[in-house]
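**Q** Top line first, the protein sequences correspond to chains A and B.
With positions in the first sequence counted from 1, the corresponding number in our numbering is that position plus 67.
By our numbering, the letter at position 17 of the second sequence is numbered 15, and the numbering carries on one by one without gaps.
If you are wondering where the hints come from, they were derived from the structure by calculation, not from laboratory data.
It cannot be assumed that every hint is accurate.
[To be verified] List time: in silico DMTMM-like cross-link candidates among lysine to aspartate or glutamate, alpha-carbon distance up to 25 Å:
1. A:LYS125 x A:GLU176
2. A:LYS138 x B:ASP184
3. A:LYS165 x B:ASP83
4. A:LYS165 x B:GLU78
5. A:LYS111 x B:ASP27
6. A:LYS125 x B:ASP83
7. A:LYS122 x A:GLU252
8. A:LYS342 x B:ASP27
9. A:LYS321 x B:GLU78
10. A:LYS122 x B:ASP83
11. B:LYS8 x B:ASP27
12. A:LYS125 x B:GLU78
13. A:LYS165 x A:GLU176
14. A:LYS138 x B:ASP27
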Amino acid sequence: MITLSVRSAAFGLMLAAMPLTAQAAGERVIPPELSWSFSGPFGKFDRAQLQRGYKVYKEVCASCHSASLLKFRNLSQPGGPEFSAGQVTALAATYQVKDGPNDAGEMFERPGRAADAFPSPFPNEQAARAANGGAYPPDMSVLAKARTYERGFPRFVFDIFTQYQEQGPDYIAALLTGYKDPPPEGVTLLPGQYYNTYMPGHLIAMPNVLNDGQVEYPKGPDGQAPVPETAAQYAKDVTAFLVWSAEPHLEARKRIGLQVMIFLLIFGGLLYYTKKKVWARMPDGSPLHP
Amino acid sequence: MSGHSSYVPKTGFERWLDARLPIVRLMHDSAVSYPVPRNLNYFWTFGGILMFMLVAQIVTGIILAMHYTAHSTMAFNSVEHIMRDVNYGWLLRYLHANGASMFFVAVYVHMFRGLYYGSYKAPREVLWILGVVILLLMMATAFMGYVLPWGQMSFWGATVITSLFSALPIVGETIVTFLWGGFSVDNPTLNRFFSLHYLLPFMIFGVVILHVWALHHVGQNNPTGVEVKNVQKDTVPFTPYATVKDVFAMVCFIGLFSYFVFYQPNFLGHADNYIPANPAVTPAHIVPEWYFLPFYAILRAIPDKLGGVIAMGAAIVVLAFLPWLDSSKVRSMSYRPIARQFFWAFVVVCIGLGYLGAMPAEGGYVIASQIFTALYFGYFVALFVIGLFERPKPLPSSIADSVLGALQGGSGARMAAATAAEPNAKG
């Protein structure tokens, strides 16, 4: 009987879930399309931006969100923030990592190494929920690819040609600065709820965490940070970091893509003229086409 | 095509082997001397493209399987391991995931070509039915492959689609338990889907061999639908003619494939599948992959669960009966003024069903799905009825005639010789 109801529920979901979505979609505010260095066929990450983004992640996000698929060594690999290997080793060593069991059968703590994964702020999902009023801060490793909004017809067709695919980062950057406090009139928030313009349904369990001047950026030669230390800039930088984290080989992909396209164009061109020559005549030499 | 083999073993070893296992002769007869109608257009290159896609999927899939872990707690992370740490793993996985989509692009073009030019008609019924079998196997393979990353859409897609079998009377519940290996989609489901996802492509390969065998026995159809009458005049040898044309078309198709792989690798997927499977949280929007959307629309158009499942199944099975549903003796729609309009309407209906499959099942969309479902099946009825009264345009007397029609003034004597060469004509 239980299985029966599970199956009925599953089938019912298929039919019932969609109207719900439509309602939720009605409440969605489309985030603005930002300009990103990694968009388009020649896109590349901005190293300095990724390094700043990592700093924001480390000092703000990482207190609640894990990024367990990332290893410290990733921070120095080509196509990423490209910290030096020495910087990464020193950074990893500032963390204590649980290892073991040792010869005595006991777990022990040791300084982190470049090969270690980013340590998670909570030991498990239950602990994370307990510390966050019941809400689970999602793992950030592939978050930038796991968030989107409906583009709708005909925009999704144009996206094939414009290569627009930054729904995820646009949404995340907008969400991080999309808080309204106090909320619009008529919206009642329960304890632990916040109002965000871009969250589907507008109610979010994450508070506004980015404030102007909160994270200190590395200074340029003139003693000034090269970009403003504002919440909007933090949001953009950390979002770029999340895109790299979700797609660490993005640069290699686009670079190889260009090589593949050039090869196919030349190879295809040669084949086209070969084909034309072969198809000019029948085996007996008579013309194949009028 | 059956008949005389033009293979001549050149070396002593070839003669020795040919007397014991004429495998080189087989290859020569099917890929070198095999006669191909001279008037084939580029829609006939999709068979070769599909063969390439099948091999590409098998090769990338085998390598991915070396790095993938089919366990509900590890599958998601093992896919991310492939994306991050395996050398060119991101490339292999994007090739494989987008390759599935490209496989369906090619197979749908291949099928519509068959529908337009009447490639399902005698003597090609078995060839066509084998194609329908391949389509069914492809759908099963693609569905199970989408489950393997064990993301939210994997899990919930698997739950919704396997639950459909529970609509069958008496045996339904047992079948679903059997598919799941338990009482919900869980680790046993993932394990058996991985096993079957690895097995089915080789079954596809087997049926493809039968499909190609049948093709080479009856010979290719062509845009006129007129059978080959004179091999010398109407056909060219497969190599170099078809070979170079197929490879050129393949390179163009690989260009499209590469565009998605390198520039839009997630365009054809769902963002929700980058969230690990969670049985406690249902995604707001459960949608199958784009290539299933027309059938999904038919499923949801019928208000009754069992009825929907039957309609969806019938939408594919009806294709197998097409050779006997189409009552016209004329193959090519180029010579069928009425049926041709119905064909293009059918194309629009299929695309429309795809659109409706992606829309919410409510209000006007449901009514539209019901109308389009009726139109989908109506096409097959229409083909039967139209064939009874339609007056086809005059057919060319031969393939050579249709190609060289414009040359008739200059080389009338040769044309006359071509039509007179009846003794060479086949069936």
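**Q** If a hint holds in the structure, say so; if it doesn't, say that too.
**A** Results for each hint:
1. With a C-alpha separation of about 21 Å, the suggested pair LYS125 of chain A and GLU176 of chain A falls inside the 25 Å cut-off, and the hint holds.
2. As the CA atoms of LYS138 of chain A and ASP184 of chain B are separated by approximately 29 Å, the hinted pair breaks the 25 Å bound.
3. Between LYS165 of chain A and ASP83 of chain B the CA atoms are separated by roughly 23 Å; this keeps the pair inside 25 Å, and the hint holds.
4. Distance restraint check for LYS165 of chain A and GLU78 of chain B: the Cα-Cα separation of roughly 23 Å lies within the 25 Å cut-off, and the hinted pair is therefore satisfied.
5. Taking the CA atoms of LYS111 of chain A and ASP27 of chain B, the gap is about 51 Å. The hint is violated against a cut of 25 Å.
6. With a C-alpha separation of about 23 Å, the suggested pair LYS125 of chain A and ASP83 of chain B falls inside the 25 Å cut-off, and the hint holds.
7. Our distance criterion of 25 Å between C-alpha atoms is broken by LYS122 of chain A and GLU252 of chain A, whose separation comes to about 36 Å.
8. Using a Cα cut-off of 25 Å, the hinted pair LYS342 of chain A and ASP27 of chain B holds, with the two alpha carbons roughly 21 Å apart.
9. Of the supplied pair hints, the one linking LYS321 of chain A and GLU78 of chain B holds, its CA atoms being roughly 19 Å apart against a limit of 25 Å.
10. At most 25 Å may separate the alpha-carbon atoms for a hinted pair to count; LYS122 of chain A and ASP83 of chain B meet this at roughly 24 Å.
11. For the hint pairing LYS8 of chain B with ASP27 of chain B, the CA-to-CA distance comes to about 15 Å; that is within 25 Å, so the pair holds.
12. For the given pair, LYS125 of chain A sits about 22 Å from GLU78 of chain B by alpha-carbon distance, which is consistent with the 25 Å threshold.
13. Using a Cα cut-off of 25 Å, the hinted pair LYS165 of chain A and GLU176 of chain A holds, with the two alpha carbons roughly 5 Å apart.
14. About 56 Å separates the Cα atoms of LYS138 of chain A and ASP27 of chain B, which puts this hinted pair outside 25 Å; it is violated.
Against the hints set out earlier in the document, violations occur for numbers 2, 5, 7 and 14.
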